[in-house]
Amino acid sequence: MITALRGATVILGDRAVLRDLDLEVGPGVTVLRGPNGAGKTTALRALAGLVPLARGTCEVPFDLLYLGHRPQMLHGLTVRENLRFFTELRGRTSRAPAYSAALGVGGAREARIGGAIGRWGLSADADRPVERLSAGQRRRASLARLDTEWCGLTLLDEPFAELDDAAVALVHASLASARDRGDAVLVASHGHADLDEIAGRIYRIDDGRAA
Amino acid sequence: MITALRGATVILGDRAVLRDLDLEVGPGVTVLRGPNGAGKTTALRALAGLVPLARGTCEVPFDLLYLGHRPQMLHGLTVRENLRFFTELRGRTSRAPAYSAALGVGGAREARIGGAIGRWGLSADADRPVERLSAGQRRRASLARLDTEWCGLTLLDEPFAELDDAAVALVHASLASARDRGDAVLVASHGHADLDEIAGRIYRIDDGRAA
Amino acid sequence: MTTTALRGSSASWIRLSLGLASLAGALVASVMALVWAPPDANQGEVQRIMYVHVPSAWTAYLAFAIVFVASAGWLWTRRRIFDAIAVASAEIGVLFTGLALVAGSIWAKPTWGVWWTWEPRLITTAVMFVMYVGYLLLRSLSADVEGRATRAAVIGVVAVVNIPIVHLSVTWMNALHQLPTVLRPDGPAMDGRMLATLIVSVLAFTLICAWLMVARVALETSRQERVLDARGA
Amino acid sequence: MRGAWLVAARELRADARHPDGFATAVTFVAALVLIESIVVGPQVARETTVAPALYWIALLFAAIVVTTRSFDRELADDAIDAVLALPGGRDALYAGKLIALAATIAAVGLVGGVLQIALLDLTLALPGHALVAVALGVIALPAVVIIDVALTLRLRGRAALVPVLAVPALLPQLVAATNALGLALSGDATGSLAWSGLLLAIALVYAVLGLTIAGTAIE
Amino acid sequence: MRGAWLVAARELRADARHPDGFATAVTFVAALVLIESIVVGPQVARETTVAPALYWIALLFAAIVVTTRSFDRELADDAIDAVLALPGGRDALYAGKLIALAATIAAVGLVGGVLQIALLDLTLALPGHALVAVALGVIALPAVVIIDVALTLRLRGRAALVPVLAVPALLPQLVAATNALGLALSGDATGSLAWSGLLLAIALVYAVLGLTIAGTAIE
Ligand code: HEM
Ligand SMILES: Nc1ncnc2c1ncn2[C@@H]1O[C@H](COP(=O)(O)OP(=O)(O)OP(=O)(O)O)[C@@H](O)[C@H]1O
Ligand SMILES: Nc1ncnc2c1ncn2[C@@H]1O[C@H](COP(=O)(O)OP(=O)(O)OP(=O)(O)O)[C@@H](O)[C@H]1O
Ligand SMILES: [Mg+2]
Ligand SMILES: [Mg+2]
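Protein chains in written order, with our numbering: chain A, 1 to 211; chain B, 1001 to 1211; chain C, 2001 to 2233; chain D, 3001 to 3219; chain E, 4001 to 4219.
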């Protein structure tokens, strides 16, 4: 078990958004499904430690990669600068020396960032500030972190939104290789039935509860 | 012809985002396809008069409904209040008396708004402020304007993003009925191959040019 | 191709002749201001600062008036040349306002005993300066060619009210600053040689202004063309 | 212009739903007047020339604050685009915000004024004339500030740029408003009314100017 | 804390890319000092007790402006969530922003100070002591303002709420900084240094306090 929610209840504003939810994420790909407003995003944010639990527990591992609903890149910096910042910050703050070493320094790190940029089709836009990118390009930039900062646990919220077919295929490939590495990935998504093929486990929620 | 871009060039920042683009939108469903960063969003914004052309012309009809990339609902107001505001404003500013009458006043208008809310599955959330909704719920609220303010020309930017399967089917139904009414709809989307079945015309662009 | 080459060479010829004329004007004006004109009866030699101070202020007025016309022209026609003229004259106007402020301050120290004081003309001049610096900041903040031109043009149209305010400010309250001595209803009240020197200085400054303007507009239009050519690339 | 009232109503409804915006603006005015009074000393702050000036500076910054807040709400989820894409949307947006924000700032000004009178223990010789001055002085503020906020809508450094653009443009208005209010404080009825007349003229000029250029200014 | 320098570098790089933010902050300080001096009158504005007070008020508002701007950038596209989800992200964010914003405000303060000296024709008896006062006085501003901005991060009315929260908390700091600078202006070396010592203490207390509660304050 890499992480889990147990009896998790989250109250936002006037509403109980998660109610007594149990969710276990082990190695491989776990898929979280549910209609609009089911509570998928909230469950991921709870696992990332961004939303407090009113009841229940959440086991957050030390290192995780959370790619939320929005691309989470700092406006004003370029794609490359954003990716570099995240790798460096993770390398500095990680408690696992082997991991920080693996993230690379100097040349090796730059090479990996450049590789990720190329793979996600952003070579022409790598040195433009992120606010000038189209919605899909920004999403791609955010997903490039899958290549620069792979992690024991990755949380992906609707990773396919705004992506064209080529990029959707890249996400599938990334999921497959994470599974093969034995890392844990939790994907929240409503559609994309083809996810089921790669998924080790599928949770369905509705109205904040297991459905 | 309801609207058209002719030789349209748009420059944003340092970059020519549309280059000499020709695009004609007639009655029925027109689909605009292209990979991430192709210029679909920019073409729609140009047609909506939100982006100035550096060269070329754009024939904007007096009344149009533009549903952009983001849900465009005012935070602080509820879904119902937002829908009511848009219907009323359109009724007041429209130059076509028949159209403003059709938008309804008082009871008839409220009934139509209520119907749209029900159809898009927002009955339980209609009187909550929009910022408390989930991403998909907010998108549904925005799409409910298709029912309350149908228009001679509708521009839809990635209408399927963030929607679950039930809502995707609703969008398809709305597109079909707009086509049957003889209204013009322009949909920008990268994927969703099933759009082709309903589409009268398909444009493909890449890098700001017809492809 | 031939026409643009032709236009290019005639433009550079204009620039060259304007440059030479400005140089000559500056030389003549300097000699007149420093040697020929008599020192002031009360103030002595420091009064010669006037030959920089007053022309700077007037050239700034001229430049800001051009900003107004060009901004209106852009909003009306959306022809890019107007935007180029507007930005060129705004920069020149800020430059010369700054020069008038600095020269005024240097003049103020010996005559009034302070670098700066709070009286209508000085405040309104400072406000005019800040407003056009704001204009330039607004431009520098937005990168979109069309949007930037429109945003700036709105300010360029509105800010023109500063010119009459600054000019008339001396007549408000008890102004310390010189009342109109040249531009006044019943004609200039000044020594003939001083007046002649001032007129020549004003001409020289106007020439310099025109020279800077032509060069800056050329730079801006070539920049615009480069951006437009991005579409071919 | 028929849409203006709808936009204004929408604005005021969103404000009434969350009166915290109004409450913070009032607290802001009070804090600014208080801190400025502490700085210049109570004797100076009570002078009939200084007290109204402090009041109008505080109100100007409060106007900037509420206008920025109003447009920030508009930027979330691109709400503004939906209005701009409607026929006549730009003008309705400007005029509607002008109405709603003038009303809000007037309310902030009334409460802030009462607070200042209490805090500084001022005696108001001509309350009626003071009310007229505040009512007329309050219109030009949003007329200018809305344009400046709209011009800098999606720009970095907006928070600092708006005062830079607005303060010089509103200087005549500040002078007239300070005089109109100062003379009402000290009991000069005709003088106060004369300045209020100027305020009315300024308000009209700026409102008409704003309506004329709003279409181009709001991106 | 090892991430703090990375965050600070990121912050300063984004600022250096667009130095307009700095330029507008300086113009803002200049405009505020200008308008306040006009209001209270030049004689009053030049007094060695009033001039530093005007300076620090302007700098406080400039600090609020640059801090808000810095977090606004962070809110776009939820960028802040990515940092908060990293181990130690909250502390790194606070400490990094503290370093970067203190540096920016110090630069704004230097340029603004020179402007004020020129505008009001002040004579600075002890420039060295004044520099010390500015350097120390500048640290507490972001230490407090960052927390206030973070607390109100996604709230409506933030623009008005931050000054309301920050001004009372920073009142001791404003008094100490005004005295340290005022005595440096008038030539009292020991007095100025004593107040600067207090400034150092305040800066330390607020910075440590900020670091301690940043984890909970940043939502
Ligand atoms: C920083 C300080 C000063 C500023 C900002 C300033 C600004 C100006 C401006 C804007 C004008 C153009 C007025 C117009 O024609 O509309 C002007 C004109 C003039 N200034 Fe100054 N000034 C300053 C200091 C001084 C001082 C110290 C003197 C002399 C004691 C002086 C003497 C004059 C004279 C003689 C004119 C020409 C007036 C006329 O004939 O209309 N100025 N100044
Ligand atoms: N404000 C801007 N400044 C500069 N370039 C921009 C700006 N907005 C978009 N672009 C560029 O314009 C191109 C087209 O963007 P647009 O958003 O129209 O694409 P799109 O087809 O909608 O893409 P997506 O499928 O990702 O939504 C992209 O290359 C993008 O980088
Ligand atoms: N800040 C909030 N305050 C109150 N309720 C909220 C808030 N955010 C979300 N909700 C509610 O919580 C529920 C779950 O929201 P969440 O965003 O987790 O759903 P989701 O499954 O991700 O939906 P979607 O598929 O639309 O993204 C929704 O009913 C929503 O209205
Ligand atoms: Mg979600
Ligand atoms: Mg798009």
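Quick caveat, the hints were computed from the structure, so don't treat them as lab data. It is possible that part of the hints are untrue.
One-sided excerpt, in silico: chain A residues whose CB lies under 8 Å from chain E [said to hold, decoys possible]:
| id | residue |
| --- | --- |
| 1 | 66 |
| 2 | 73 |
| 3 | 74 |
| 4 | 92 |
| 5 | 106 |
| 6 | 110 |
| 7 | 112 |
| 8 | 192 |
Predicted, not measured: the structure shown is a model, and the values here were computed from it. Note that CB positions come from ideal geometry on N, CA and C, so glycine has one too.
* Are there hints from earlier that the structure breaks, and if so, what are their numbers? -> When the structure is compared with the hints, numbers 5, 6, 7, 8 turn out to be violated.
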